[in-house]
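Visitor: Fit chain B to the supplied structure of chain A, relying on the hints for placement.
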Amino acid sequence: MAPLKFEENIREKLQERELQPSKESWGKLSTQLDARLPEKKRSTFIWVAVAASFVGILLLTALWMQKSSTSTQLVEEAPPSKALDGTEMPTVIPDEVLANIEQVDASGQDSNRNGQDLANSGNNAKSVVVNSKQPIVKTNDQLLPNAKKDGIIALNTGQPENKSSVEAPSETNFIDQKVKEVVASVQKIQGENQTVTLDEIDALLAKAQRDIATNRILNSNTQKIDAAALLMDVESELQRSFRDRVFEALGEGYLKVRTAMAERNN
Amino acid sequence: MRIISLHKDYKKVIAKAKEGNRRAQHEMYELFAPKMLSVCRQYLKREDLAEEAMLNGFLKVFTHLGSYRFEGSFEGWIRRIMVNESISMLRKEQKLFFEEEEALEYSKEHATYIETELEVNEIQKMIDALPEGYKTVFVLYVVEGYKHSEIAELLHISENTSKTQLFKARKMLQNSLMQENIHSYGTP
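From first to last, the protein sequence lines stand for chains A and B. Note that the numbering used here has the first sequence beginning at 1, numbered continuously upward. Note that the numbering used here has the second sequence beginning at 1, numbered continuously upward.
Isolated chain A (complex conformation) (with noise of 0.2 Å):
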């Protein structure tokens, strides 16, 4: 072995030693750093309170988002309604309920009762046009069970399977309305002139027609559905049936006018 200088040995070994301290000595210092340097204190609550006010701000616009969406769903639920001040009732009324109204209509008893309202001029029109601004509502009862009862109408437009059970009773009383009207109409030239000609009943129709159309196109508007498609759908339904109503509301005196009429629009 090499001679080595004493004390250069010394200085290299002690220089490169390492004792691992206790392993709770960190916690002592940093114990005693708590107590000397609070400023780091108040930098870690100044950071756990920008982190509190960050959260809190994330709630708060969670909170704000999910609240403007349901009051959004509530305005889309439930359609602006006028019946509970009389005045205007917006209603869907679906091909199929439009039908079954006017099958109804066409039976007998209300062949009769049309007739009967024929003997009455334009005061009964007046009640039947009040009549129409009643609510009437067919919906399931257990969903709304006080809606009939305080005359109140809700549509559910979320669920499409409750659009069917949802009738149009101021659409069908306007149908019936104007089939009233036009009823009047040819019995008062009838009076007047002994004749009716087909032009002018085919001007009444017309009028009438184009009423209804309009009193149609203002519902759907109304209403979001699909005014287009609607539309095209019930003025088929419509010339048929409101034609057959008038025919059989002005009786057999008229089979004649109303063969003519087949036969032209055939």
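Careful: at least some of the hints might be erroneous.
Think about it this way: if two alpha-carbon atoms lie no more than 25 Å apart in a straight line, the pair counts; the simulated DSS-like pairs of lysine-lysine are [claimed, not checked]:
#1 B/K171 / B/K147
#2 B/K18 / A/K23
#3 B/K18 / A/K28
#4 B/K60 / A/K28
#5 B/K45 / A/K13
#6 B/K92 / B/K35
#7 B/K12 / B/K35
#8 A/K28 / B/K35
#9 B/K171 / B/K125
#10 B/K35 / B/K60
#11 B/K16 / B/K125
#12 B/K11 / B/K60
#13 A/K13 / B/K171
#14 A/K13 / B/K16
#15 B/K45 / A/K23
#16 B/K163 / B/K92
#17 B/K45 / B/K92
#18 B/K125 / A/K5
#19 B/K163 / A/K13
#20 B/K12 / A/K5
#21 B/K147 / A/K5
#22 B/K16 / A/K23
#23 B/K35 / B/K11
#24 A/K5 / B/K171
#25 B/K16 / B/K60
#26 A/K28 / B/K125
#27 A/K23 / B/K60
#28 B/K45 / B/K168
#29 B/K168 / A/K5
Counterexamples of contact, computed for chain B against chain A with all Cβ distances above 12 Å [to be verified]:
#30 Y10
#31 S67
#32 R69
#33 N84
#34 R91
#35 K92
Simulated from the structure, these hints should not be mistaken for laboratory data. Remember, predicted model here, so these are calculated numbers, not experimental data. We put the CB at the ideal spot given by N, CA and C, even for glycine.
Guide: Just chain B now, with coordinates in the frame of chain A:
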């Protein structure tokens, strides 16, 4: 390249520790504590006191980190703090006492050549056997590389006292080594 990146990271940790970042301080502690405990242990025989001195030293390091200007060795800066804390601990324990001594007839500060290599534990054992004054001056001079003037200033003694203490420390260590050799190899 690696040295440069390490140096950059090292500076980053110091900068964060300066801002009071506890994680960075812990990182620094983990990095330097083993060496600094060894420094303190050179002066203090009791390990618990050495650790206490080291913790006091680190407390000073972190509280005065703002005064460090990245000039010179950071380890050297910490090491000096540890030495001061160790000496303060010795004074606190009233173990550091010096008698003013006149200059002895030592013609030169001769180094000791011995044909043996001691293990670090044996070295520490021999140093621990020295009186506190001898030991402190010896470690400051031989291990830490302090000059007598610096030792005198640090220990509030004269330079002669520092030299005398070193001389006596060397003498004692020589005797200890001779005794060690006698025990190990028989009569020299």
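Visitor: It remains to establish, for every hint, whether it holds in the given structure.
Guide: Here is how each hint holds up against the structure:
1. B/K171 / B/K147: Between B/K171 and B/K147 the Cα gap is close to 19 Å, so the pair holds against 25 Å.
2. B/K18 / A/K23: Roughly 24 Å separates the two Cα atoms, so the pair holds.
3. B/K18 / A/K28: holds, 19 Å
4. B/K60 / A/K28: Satisfied, since the Cα-Cα distance of roughly 14 Å is no more than 25 Å.
5. B/K45 / A/K13: Given pair B/K45, A/K13 holds - Cα atoms ~17 Å apart, limit 25 Å.
6. B/K92 / B/K35: holds, 23 Å
7. B/K12 / B/K35: holds, 21 Å
8. A/K28 / B/K35: holds, 18 Å
9. B/K171 / B/K125: holds, 16 Å
10. B/K35 / B/K60: Given that 25 Å is the threshold and the Cα spacing comes to 16 Å, the pair holds.
11. B/K16 / B/K125: violated, 39 Å
12. B/K11 / B/K60: Cα-Cα ~19 Å, so holds.
13. A/K13 / B/K171: Holds: A/K13 and B/K171 sit about 20 Å apart, inside 25 Å.
14. A/K13 / B/K16: With Cα atoms ~32 Å apart, A/K13 and B/K16 exceed 25 Å; violated.
15. B/K45 / A/K23: holds, 20 Å
16. B/K163 / B/K92: holds, 24 Å
17. B/K45 / B/K92: holds, 14 Å
18. B/K125 / A/K5: Satisfied, since the Cα-Cα distance of roughly 18 Å is no more than 25 Å.
19. B/K163 / A/K13: holds, 23 Å
20. B/K12 / A/K5: violated, 40 Å
21. B/K147 / A/K5: holds, 19 Å
22. B/K16 / A/K23: Satisfied, since the Cα-Cα distance of roughly 24 Å is no more than 25 Å.
23. B/K35 / B/K11: Satisfied, since the Cα-Cα distance of roughly 19 Å is no more than 25 Å.
24. A/K5 / B/K171: Given pair A/K5, B/K171 holds - Cα atoms ~15 Å apart, limit 25 Å.
25. B/K16 / B/K60: holds, 16 Å
26. A/K28 / B/K125: violated, 28 Å
27. A/K23 / B/K60: holds, 20 Å
28. B/K45 / B/K168: holds, 19 Å
29. B/K168 / A/K5: holds, 18 Å
30. Y10: About 18 Å separates B/Y10 from the closest Cβ of chain A, which puts it past 12 Å; holds.
31. S67: holds, 15 Å
32. R69: holds, 20 Å
33. N84: With a cut-off of 12 Å, B/N84 remains clear of chain A, as the shortest Cβ separation is near 17 Å.
34. R91: The assertion about B/R91 holds, with a minimum of 20 Å to chain A.
35. K92: holds, 17 Å
Against the hints set out earlier in the document, violations occur for numbers 11, 14, 20 and 26.
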